[in-house]
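Asker: Residue-level listing of the chains:
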Amino acid sequence: MKLIVAYIQPEKLNAVKKALFENDVHKMSVTNALGCGEQMGYHESYRGTDIEVNLLKKVRLEIAVNKEYVKKTIGAICEGAKTGKIGDGKIFVMDLVECVRIRTGETGYDSIG
Amino acid sequence: MKLIVAYIQPEKLNAVKKALFENDVHKMSVTNALGCGEQMGYHESYRGTDIEVNLLKKVRLEIAVNKEYVKKTIGAICEGAKTGKIGDGKIFVMDLVECVRIRTGETGYDSIG
Amino acid sequence: MKLIVAYIQPEKLNAVKKALFENDVHKMSVTNALGCGEQMGYHESYRGTDIEVNLLKKVRLEIAVNKEYVKKTIGAICEGAKTGKIGDGKIFVMDLVECVRIRTGETGYDSIG
Amino acid sequence: MKTWFKYMIVAGVALAFLAGAGEVMAEEAAVEYSTADIALYTANNIWMMVSIFLVFIMHLGFATVESGLTRAKNTVNILFKNTAIVSIGLLTYTLIGFNLMYPGDSWLFGKVLGFAGMGLSCPEGAAGGIAYAGGNYSYWTDFLFQGMFAATSATIVSGAVAERIKLGPFLIFSAIYVMLVYPFVGSWKWGGGWLAEMGFHDFAGSTLVHSVGGWAALAGIILLGPRLGKYVNGTVKPIMGHNMPLLTIGAFLLWLGWFGFNGGSVLSADPTAVPYVLTTTSLAAAAGIMGAMIASWTIQKKPDLSMVLNGCLAGLVGITAGADILSVRVAVLVGLICGAIAVVSVMTFDRIRIDDPVGATTVHLVCGILGTLFVGVFANGTVVGEGADAYTISLGVQLVGIASYAVVCFPVAFLIFKGLKSTVGIRVSEDEELKGLDIGEHGMEAYSGFQIFTSQ
Amino acid sequence: MKTWFKYMIVAGVALAFLAGAGEVMAEEAAVEYSTADIALYTANNIWMMVSIFLVFIMHLGFATVESGLTRAKNTVNILFKNTAIVSIGLLTYTLIGFNLMYPGDSWLFGKVLGFAGMGLSCPEGAAGGIAYAGGNYSYWTDFLFQGMFAATSATIVSGAVAERIKLGPFLIFSAIYVMLVYPFVGSWKWGGGWLAEMGFHDFAGSTLVHSVGGWAALAGIILLGPRLGKYVNGTVKPIMGHNMPLLTIGAFLLWLGWFGFNGGSVLSADPTAVPYVLTTTSLAAAAGIMGAMIASWTIQKKPDLSMVLNGCLAGLVGITAGADILSVRVAVLVGLICGAIAVVSVMTFDRIRIDDPVGATTVHLVCGILGTLFVGVFANGTVVGEGADAYTISLGVQLVGIASYAVVCFPVAFLIFKGLKSTVGIRVSEDEELKGLDIGEHGMEAYSGFQIFTSQ
Amino acid sequence: MKTWFKYMIVAGVALAFLAGAGEVMAEEAAVEYSTADIALYTANNIWMMVSIFLVFIMHLGFATVESGLTRAKNTVNILFKNTAIVSIGLLTYTLIGFNLMYPGDSWLFGKVLGFAGMGLSCPEGAAGGIAYAGGNYSYWTDFLFQGMFAATSATIVSGAVAERIKLGPFLIFSAIYVMLVYPFVGSWKWGGGWLAEMGFHDFAGSTLVHSVGGWAALAGIILLGPRLGKYVNGTVKPIMGHNMPLLTIGAFLLWLGWFGFNGGSVLSADPTAVPYVLTTTSLAAAAGIMGAMIASWTIQKKPDLSMVLNGCLAGLVGITAGADILSVRVAVLVGLICGAIAVVSVMTFDRIRIDDPVGATTVHLVCGILGTLFVGVFANGTVVGEGADAYTISLGVQLVGIASYAVVCFPVAFLIFKGLKSTVGIRVSEDEELKGLDIGEHGMEAYSGFQIFTSQ
Ligand SMILES: Nc1ncnc2c1ncn2[C@@H]1O[C@H](COP(=O)(O)OP(=O)(O)O)[C@@H](O)[C@H]1O
Ligand SMILES: Nc1ncnc2c1ncn2[C@@H]1O[C@H](COP(=O)(O)OP(=O)(O)O)[C@@H](O)[C@H]1O
Ligand SMILES: Nc1ncnc2c1ncn2[C@@H]1O[C@H](COP(=O)(O)OP(=O)(O)O)[C@@H](O)[C@H]1O
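Residue numbers (this note's numbering), protein chains in the order written: chain R, 1 to 113; chain Y, 1001 to 1113; chain G, 2001 to 2113; chain S, 3001 to 3456; chain W, 4001 to 4456; chain V, 5001 to 5456.
Just so you know, these hints were derived from the structure itself, not from any lab.
Treat each hint with caution, since some may be false.
Said to hold, decoys possible - Each computed EDC-like pair below joins lysine to aspartate or glutamate, with the alpha-carbon atoms no more than 20 Å apart:
id: 1; chain 1: W; residue 1: K4230; chain 2: Y; residue 2: D1110
id: 2; chain 1: Y; residue 1: K1002; chain 2: R; residue 2: E62
id: 3; chain 1: Y; residue 1: K1027; chain 2: G; residue 2: E2062
Starting from the given sequences, assemble the full structure and let the hints guide the process.
Answerer: If you want it as structure tokens, here you go:
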């Protein structure tokens, strides 16, 4: 089991969700985040004082999947989120030692989906 | 050391906290998240246009614990969050390679609690 | 590759960012979180009813780094966030199995930075 | 889909039409008035129109105070209720309320119940104009001023029962209360009924408007029970209001509106009486803030903005019964007392499990009663009015007045709510309450896109 | 940096000065008026000043309604536009607009186009005072009341084209429209032009203000196209407004303002006529809420606050043309119809890909036309006015009026927008639209620090 | 718990009572006035009452502007301060202020300091009514209008010292300033003191109200020092305001209020003078927006909403001294200049480490001085008034006026703040400043449930 964390552009969330659904990944968790990466920030100016904003708005996805879904999931995220422009985002994959479905107490393989 | 991530229903946060405290788990971090799972979304309608909301409000807990606390922690979360209804949530467990308490620089076992 | 998660005091974010930049760590993701730790909460009172707030505002950093950066990163976070007072925060380190740059499809070592 | 409810609305609207909100346009009368008479009449009427606007804006004040003091997830619902009430209030007042409250000579039953017929009908010519109210305002001004007032009493209830009441039943309650109950009991004093004859003094409605709303609020709260999460294992948990700027906007708008509520109740632009009323009103509001500030700082250790603004409103409700006759010094005293008591009262209601999210029972019921009482205490023996209409204020009569509204309004409101409870139900499901009434009743959110913790 | 734009502003301002907003201060005239005359005049003038304030506050109403119904990321931009328009409107009206709209005898071309010269010039003595308008108001009151009105028509456009239009071009459009188009077509009726002579009845501007703004809104929407993400693969996606309390504040302020918009349009403080207008206005608003509530509850299953508040405004726009002559019963009917139609119209515009975030075309154009029509339907044959100025209302003339505004305003607005589109462009870049115009056009955020999802 | 502070409040309130806010109710006088006289008097008085309401609503305007321009974590505190000031202002004005500012003949020391006794006492009969002010308004109207004005000067300070000042000491400062300093220096001109005799012209208070508040703001800022995080390693860091809609609501409400602030300062409903003042006021506001827009767009590249709204207020403050006598063209010019200068001034204060979160020193002090100066520049030689009271405006006297307020208000405010600083302290702890004053001073949050980044 793996835990996949992805940072994408906020406006790509719907496209990514669609791509994931099409790849049979239906469960995920989403938070909003600020990201600092290759993408240049932009300048805001407030009352005449300049400020460089380099924490840009991003959406963070967290998806737990069984092994055989890892590739599909990564692929789907890339498919939905890729524009080729700086700022498209990153995907991180970690090992998941255990998973529990609170409702039933199920663990492991079955509890993920 | 393990890092436990749990998604629960927002209104269960207090109950989970209580259960954790009773099991001697006093430290945790909380964020709000949107989740997409087995639970059906609901329909909102805005100015006559229907929208299916399938990202539901959830609370995300992140708890770092030493090995002997893993079971207790999972148990406490389940105890506080379980209603038996769809949407109760999930718990994910990962290996924690290192932990540092910033204030003192302590690492490892002692730094967790 | 490691994934470093750190909880720090909100007002230390800029100092931590600066310290990270000085250590050549330029990429990170930030979310706001609520934390419960050693730090005592404070009391709010609303319309005459007391409430103990023990979920305090924190900032959560998530930074993926290559092995040789782990120490530097942890050091930089401590440098920027440390005041010696309770509530300074924690750093958690996990193994990162894989990393993908969505824009280019690059993976592994190169995709992190 | 609550079909039954829509049909009731449609039926009500239809009824309104059949009944005929028929009016006769005023034609110019034959009597001649001097330019000076007309000028004074015009000025007086302008003042009353300004008062209409001020009372109107109180509805926005209520909407914002109530939504500010409740949670983000119930905001749309509260705004909706306040919007709907203005509509229901004005339309039912057009249809029935105005003629029920001001029956003129058409008393049906002693001086307790009268009715001058359905719909509006402006007397022709000067009778609906300069002669209508001694050159103080015209028929239409009268109607609109009283109509704006009427909706207020129902709005008071809205905040008290917020965050758990079903929308449909609440609107039905409001319609009945504002269409029938408020005008009926209002006629006792302002319509020239039995309490007016007894010499009950309630200048602008500490009792007639505020307590009348307050009793209904209390009945609603008792039948609904507290919000989920308010009382856990015997301890009181605060449920915080989500938007203090909204609350503050509302409180200032209410104070502003009170200038018309009290000032307009002089029913002429008398340059001595009206500004005097405005002065006592303002000083009571200012003293209400001060009283609540002292009380809150003492009891709660840190001064609570929501309490202080409740104190301001408490001072305003408290002075409403006697704004015309109490001295400046007494006005300040009334404000101080009401402001301080507001703080204690909010905390007390909380403790005795009367869960009132916005403090409506405190502000409108407790301070409404107090204000009416203070008239008897501080102005006992004062002669009000001239000639045949003159009466002497007495504490006894004030108590009779307060009691008579209590024994009618509370039971009637209780019965209406009880009836609704045992038929269509008045409380939303637990699940809906947790998710919020905005999603449950309206399928929309108040702050789309904002990240809001709804763990409570 | 859009240098060209700043130069245009500077040029405009300079022009204003060269042209000379020159006025002559009134000196006391020789004619004697009685104290009674002066008192009546003073009272009338006070009423008109109150109306000025009420119409002024409508601009805040528009600003809050429009920002409430759009997304958080475009809020600064909308507030900015509404602020700028008030400024542009008043300054251009000073320079040109007032004398273009009220040419007096200075007709240049039939009774179609007139101009009484640049700048303001108050007639000396009583001619600019008590004698200026039969003792109803003075020159300066007239100017300010009409000036506050003028900016309204441009503000209507602002909401419809929100979330995608470039700031500079929008301001240029507004300046042209409010400086030239609105006064030009307004002179046809209110300036005593050809439509006034034909007997077209538009009491306070269902057509002259609201449709004039509405046509421009429609032209802008068509040329801009829908917002990104509104239509995806042929289906309509809702883009939710971000702040329902703001919307509600705005709707109540607009209703409040309408008391001055309609009540002030009586152009005197007549104690019968003005409160009558206030009554029909209020009842139409209340019925608009009711109509929209029934429609929304029926069609959408759950009652939508934003629709109900649009319904309120729809009722207000609908009654504006005939608030002075329609009966109370008809006023309620007009409100009900407009309110219900507002719901259907908003949904219909959405379906036919007219992406209007705030429903301006529905409220101001559709209901503006309907309101003007209803005058012809329900008051056909009514004689308005006295003596030489009297005219008989007819459905035919109402249709002519509606059509004549349509055939001028829509094409002219279309041409101006088209011209801007093919020169400087009118739509922000896709990237800016995604990030929000607050960052793009103003480099700042409306809610700094708040966590807001901008995935849409 | 700051016991000492509560005792001071209690003491103050008690003092008020002992001193006796005693008034004598007016009884009808023997003199007969014609209906026409009464009608005119009634109309005039209505206008002044409307002005009271407008000035009152400015307090809500200040509350919302100030909270909009500061951070979410200090919102409750700012709203609290503004609420408390209205209360303190009205109560102390009742007790002492009114009679200190308008001593009548009770001058104690030259024409520099006078005092007509504690509390309010309305002259009996017509002397407190129609004869009180030549039939323009009654005693109570006078008191309430001036009382609403008074609190304004303290409110100005509130924004400038926001986000770091301790609540208790601020309230003490405000009480002293509004009770003693403002009325004392105000008597010099409006109370008929030495500056009035010299022919100093300050129509509605560019200097008497705005600079008086502005000087205190400056003193407070200097003694408090900048907010944490504003100046880091010698560079200026912006600290963004958290709510632009709130700011916009506030700015529009202030403009609205200014209609009463300036329009009411005519002190009668004169149908020529009042609307003329409303016109210059509005055009200066509109031009202020325009001036700031041009300046902001040029200097900052993107037009900043907060600057433009500051520009609007700058124009309003600028015209306040001469709204009655400057020509329309000059009014526009004054607005343009003040608006443009506001932008530069805000940026300059920032650079010289005067950390004023809301731009109060710019708007009220800089533009207050400018406005007073412009009267001398553009109206030099103009004769104001008639008969014995007539005086000629001169730049020299204007400078004397400006200087005399500077040399009294700044040092006095500085001393009061200094006294507080060296006794109870005026600045909250660093820790409290980081967490926010809402938690620190009030133990509550403004936006419960909302996710807000407080990294700054
Ligand atoms: N090493 C990292 N650790 C944590 N988050 C990262 C890291 N690299 C990128 N991110 C996240 O991904 C987002 C996009 O990264 P960026 O480098 O701008 O994209 P791209 O690689 O497409 O140019 C960042 O804003 C940040 O939120
Ligand atoms: N595979 C997953 N990856 C990430 N988050 C998940 C996953 N499965 C569930 N979740 C989170 O848990 C929440 C509850 O899941 P759900 O399937 O609705 O609960 P249940 O299993 O009790 O029916 C989801 O809303 C989501 O936030
Ligand atoms: N075991 C843990 N699991 C998850 N989060 C933790 C844990 N311990 C600490 N934290 C996070 O770190 C923050 C600071 O912890 P705290 O114990 O108050 O700091 P310190 O160790 O400096 O006294 C907490 O508010 C919480 O967000």
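Asker: If a hint holds in the structure, say so; if it does not, say that too.
Answerer: These are the hints, each one checked on the structure:
Among the hinted pairs, K4230 (chain W) with D1110 (chain Y) is inconsistent with the structure: their alpha-carbon atoms are about 54 Å apart, more than 20 Å. Only pairs whose Cα atoms come within 20 Å are accepted, and K1002 (chain Y) paired with E62 (chain R) is accepted, the gap being roughly 18 Å. Proximity of K1027 (chain Y) to E2062 (chain G) is assessed by CA-CA distance (about 19 Å); at most 20 Å being required, the pair is judged to hold.
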